[in-house]
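So the protein sequences, as listed, match chains A and B.
Each residue of the first sequence is one higher than the last, beginning at 1 in this note's numbering.
Each residue of the second sequence is one higher than the last, beginning at 1 in this note's numbering.
Treat the hints with care, as some may be off.
Unchecked claim - Here are some chain A residues pointing at chain B (derived, C-beta under 7 Å): (1) 142; (2) 177; (3) 178; (4) 202; (5) 206; (6) 208; (7) 211; (8) 219; (9) 220; (10) 223; (11) 225; (12) 227; (13) 254; (14) 259; (15) 265; (16) 266.
Honestly, the hints are just simulated from the structure, not real lab data.
All C-beta atoms in this analysis are idealised placements derived from N, C-alpha and C, irrespective of residue type, glycine included.
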Amino acid sequence: MSVHSALQELARYRSQNKRASQETLEKGILVLKKNGHKKMGDESWDLLEQLALAAIDVGRLDVADQCLKQLSDKFPQSPRVDCLRGIRMEASAPPEDALRYYDELLEADAINVAIWKRKIVLLRRTGQVEKAVVELSQYLDTFYTDVEGWLELADIYASCNQYEYSLQALSHTLLLVPQNPVYVLQSAETAYTAGDLPLSLKMFLTVVDMSDNDDSGSFAESTPLGITVRAWYGVKLCTDRMSRDARVATMSASSTLPPKDIDLVNELATERLRVAYSSAGQKGDMACGRDVVFRWVACP
Amino acid sequence: MSNSPPTLYLDPQIRDWVLFPITFVMILVGLLRHYVVILLQSPPKKLSRAGIREQRALVRSQVLRATSARSPIPPAHYKALSQHLIDSYEAGTYLKDGPPKNDAPSSPPNPLTDPAAMDSMMAGMKTQMVMMVPQMIMMGWINFFFQGFVLIKLPFPLTLGFKSMLQRGIETPDMHVRWVSSLSWYFLNFFGLNGLYRLLLGGDNSADSSRDMMTTPFASMGAAQLGQPQDFAKLFKAERDNLEFSEGLYTWIGEDIDSKVLRKYGKLSPRSD
């Protein structure tokens with residue numbers, strides 16, 4: 001592989017935001033050996049950053065150090081290079097050192113978003129979850145529109161089994177990105193785990209409504225695909241539990257009322273799941289697991 | 001006295017020594033202005049964490065209100081969020097300096113005393129100085145050296161009203177208005193070189209004189225607005241009212257979703273209305 005084609009491939013990875021670290025490293029080493037990046041002008045710095053990250057991913061810290069040295073020579077006070085240096089530090093030094101480094105940087109410039117985020121991630125990774133939550137909450141208080149931040153917060157809460165708080169974080173996500181059914185599905189499942197079944201049922205139905213768009217013919221004859229199937233599973237689970245146990249149906253932390261025709265919903269879910277697993281696949285086979293599903297929906 | 005346009009004959013030396021030099025000098029001055037403005041621009045002031053938080057605090061309620069009519073979150077959550085934001089705005093917890101400590105009414109930061117505002121006002125005034133000073137110098141220079149003779153004949157006719165302005169220094173009542181002095185050549189260049197600057201320096205250049213014309217009259221107002229624009233306390237109070245209004249508009253999309261889905265899949269008969 002020539003240097004020129006390697007450079008092209010790496011540029012393509014950059015534009016597609018692809019993180020194929022092993023390939024990046026191989027191509028990057030080739031370029032570095034022949035100093036091909038020097039001729040690229042301004043893009044060479046992007047390349048060095050990409051290569052440094054790939055090298056740290058794979059464990060080749062020597063290559064990362066090379067790139068980092070070239071970058072810091074060129075851009076001495078850059079916050080971006082500082083962030084890279086912090087990542088490199090996290091790879092080899094004990095976490096307290098990296099944490100101290102981040103704290104210093106944040107004292108100098110309190111709104112360095114990249115460093116703040118890395119600090120939060122480091123806190124979570126080393127198990128200091130309460131501090132991570134406090135920092136993340138402060139971060140989200142300042143930068144409200146960071147959807148990934150809210151998702152991370154929800155994830156942290158869920159990992160500590162605090163599903164109500166997780167649901168609250170997810171509701172901010174829903175406000176920010178209301179048109180994404182995946183987040184609604186995540187909220188529905190979190191609500192189910194938190195014990196709020198009526199809310200969970202309504203959210204699963206919302207996912208079905210959002211994601212099932214079959215323009216041809218009627219909905220009753222269409223086959224559910226993809227995320228809709230998972231939502232129908234959720235609906236079936238909720239309605240089964242709610243019809244078995246009336247107490248669960250009325251006990252909702254968010255004071256959501258149970259649906260009026262719960263048996264009809266249960267029937268519909270059963271039917272939709274059967275249809276989902278009845279359609280012939282690409283090679284004409286029946287869906288695997290079909291029997292299991294049929295048995296389950298018949299007597300859960 | 002020859003006053004018919006075709007017969008007035010100008011010394012070609014006028015063309016060599018006045019026409020081209022004026023244009024050349026104006027182009028150079030324009031380029032100089034552009035680079036001086038770039039050098040004078042100080043980097044934008046960085047806000048503190050509290051400052052950014054204050055600036056973005058309004059976004060929270062705007063995000064909440066944007067989907068209020070078909071909201072993805074259930075009523076209990078919506079009301080909790082809405083109430084929390086209303087209380088925070090009321091108490092001023094998002095303000096940069098914290099909630100007002102006593103009953104003293106919070107006044108909008110005075111531009112003269114707030115250092116951040118002062119800096120941005122000074123920056124604006126500096127750029128305007130750079131724009132205006134070369135213009136005045138050039139006009140003075142042209143008036144001093146190139147006065148009292150006719151320079152060019154305009155290719156387009158003008159009314160008599162322009163005679164006094166364009167033929168300043170040449171007291172001839174009968175000469176056609178199309179013959180003009182060098183000051184008018186200056187004005188022509190002034191407006192005409194914008195195209196050339198755009199070609200040489202790219203679209204957003206500071207040598208563009210048309211921008212001076214537009215900004216100068218509004219300098220004082222603009223500076224006052226850009227310097228320390230928003231009084232966040234008042235904005236928060238206004239947003240509070242908006243939130244209360246939106247609470248009235250709120251509906252949850254999950255409210256009757258079970259009936260909707262049942263109807264969609266034919267389990268329930270469609271509504272008659």
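Quick rundown of the hints versus the structure:
1. At about 4 Å, the closest approach between the beta carbon of residue 142(A) and any beta carbon in chain B falls short of 7 Å, and the interface hint on this residue holds.
2. The interface hint given for residue 177(A) is broken, as the beta carbon of that residue sits about 9 Å from the closest beta carbon of chain B, more than 7 Å.
3. The interface hint given for residue 178(A) is met, as the beta carbon of that residue sits about 5 Å from the closest beta carbon of chain B, less than 7 Å.
4. The closest approach between the C-beta of residue 202(A) and any C-beta of chain B is roughly 4 Å, which is under the 7 Å cut-off, so the hint is satisfied.
5. With its C-beta approaching chain B no nearer than about 5 Å, residue 206(A) sits inside the 7 Å limit, and its interface hint holds.
6. Hint on residue 208(A) holds. Least Cβ distance to chain B is approximately 6 Å, under the 7 Å limit.
7. Because the beta carbon of residue 211(A) sits about 12 Å from the nearest beta carbon in chain B, more than 7 Å, this interface hint is broken.
8. Hint status for residue 219(A) relative to chain B: holds, with the closest Cβ pair at about 5 Å, below 7 Å.
9. With 7 Å as the threshold, the beta carbon of residue 220(A) comes within range of chain B, its nearest partner Cβ sitting at about 4 Å, so the hint holds.
10. Evaluation of the residue 223(A) hint against chain B yields a violated restraint, the C-beta minimum of about 12 Å exceeding 7 Å.
11. Checking residue 225(A) against chain B by beta carbon gives a least distance of about 15 Å; that is not within 7 Å, so the hint is violated.
12. Checking residue 227(A) against chain B by beta carbon gives a least distance of about 15 Å; that is not within 7 Å, so the hint is violated.
13. Among the interface hints, the one on residue 254(A) holds; its C-beta lies about 4 Å from the nearest C-beta in chain B, closer than the 7 Å criterion.
14. The interface hint given for residue 259(A) is met, as the beta carbon of that residue sits about 4 Å from the closest beta carbon of chain B, less than 7 Å.
15. The interface hint given for residue 265(A) holds, since its Cβ lies 6 Å from the closest Cβ of chain B, which is under the 7 Å cut-off.
16. Annotation: residue 266(A) was flagged as interfacial toward chain B, and the flag is violated, the nearest CB pair being 10 Å apart, outside 7 Å.
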